[in-house]
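All chains should be modelled from the sequences, with the hints used to inform the complete structure.
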Amino acid sequence: MPARALSFGMVAQRYERHRPGYPAELVDLVLTYAGRPIRSALEIGAGTGKATRLFTGAGVTVTATEPDGAMLAELRRHVPAGVRTVRAAFEDLRPGARYHLVYAAAALHWTKPEGRWSRVAALLEPGGVFASFGGPTQLVDPAVADAVRVARAPFLDSDEIPSPDGTPPEQAMQWPGTELQRSEWFTDVQQTVIERRLTMSARDYVGHLSTISAYLELPTSKQEQVFAQIEQVLPETVELSADVIVHLARRRPER
Numbered sequence: 718m719p720a721r722a723l724s725f726g727m728v729a730q731r732y733e734r735h736r737p738g739y740p741a742e743l744v745d746l747v748l749t750y751a752g753r754p755i756r757s758a759l760e761i762g763a764g765t766g767k768a769t770r771l772f773t774g775a776g777v778t779v780t781a782t783e784p785d786g787a788m789l790a791e792l793r794r795h796v797p798a799g800v801r802t803v804r805a806a807f808e809d810l811r812p813g814a815r816y817h818l819v820y821a822a823a824a825l826h827w828t829k830p831e832g833r834w835s836r837v838a839a840l841l842e843p844g845g846v847f848a849s850f851g852g853p854t855q856l857v858d859p860a861v862a863d864a865v866r867v868a869r870a871p872f873l874d875s876d877e878i879p880s881p882d883g884t885p886p887e888q889a890m891q892w893p894g895t896e897l898q899r900s901e902w903f904t905d906v907q908q909t910v911i912e913r914r915l916t917m918s919a920r921d922y923v924g925h926l927s928t929i930s931a932y933l934e935l936p937t938s939k940q941e942q943v944f945a946q947i948e949q950v951l952p953e954t955v956e957l958s959a960d961v962i963v964h965l966a967r968r969r970p971e972r
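Count along the sequence shown from 1, then add 717; that gives the number in the numbering used here.
Each statement offered as a hint is correct.
Derived CB-CB ranges, DEER-like: (1) Gln949 x Pro797: 37 to 45 Å; (2) Gln730 x Gly813: 31 to 39 Å; (3) Glu941 x Gln907: 39 to 47 Å; (4) Ala790 x Ser930: 16 to 24 Å; (5) Gly774 x Glu934: 28 to 36 Å; (6) Ser918 x Pro754: 38 to 46 Å; (7) Asp882 x Ser918: 35 to 43 Å; (8) Thr909 x Ser938: 37 to 45 Å.
Think of the hints as simulated: they come from the structure by calculation, not from any bench.
C-beta atoms are modelled at their ideal positions from N, C-alpha and C, and glycine is treated no differently.
Given below as structure tokens:
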């Protein structure tokens, strides 16, 4: 896995504290799309379990997989005892049990593209559902966003992750929907945006930035400098756009 994908364990507790969770309407969207009971799910890259809690709360039996031991340890502190946890990268999972649902919460872009969809399909029952969801958390005020870009510039050109398949941001269907549409394994691909606005204190927003992989790749001294520079230009509170982009697809029947 890329080094950035395994950079979160050093800030697992911060990740749990500062990363926003997911709205309840997300699980309703997935279950409605399924059109039949979803009793079992496999989660790819579960992190500290924010999505795990959402689906277990809806009565789904979740197997949560995560390659980073520190993140998995943090997850175990926050999820019900019945959640099965597996320390493994997605690529290391071996076909065995098949699930009604396989999903990834802000984690799919860390998986390798080679064989991605055949691996997902092998973990799903025919007709089962795949879901991927996440999205950037962006400052709403353009002036504040510009000030942060200027403060960040000596350290990072950007803190965003580009589309894995190069899909331009103005295109209607975004990744991974673009790949799912081309995959022989999936059909009925849908993209939905759950609009969401959040308000954070300046300190909590900097805490959120401290869990983003682009900053985690910087030396510790540089991290301290860039966060100090950013905090100086922030108002007391910031408004954020934190829309959740949801992609859904159905596993084709066995041929």
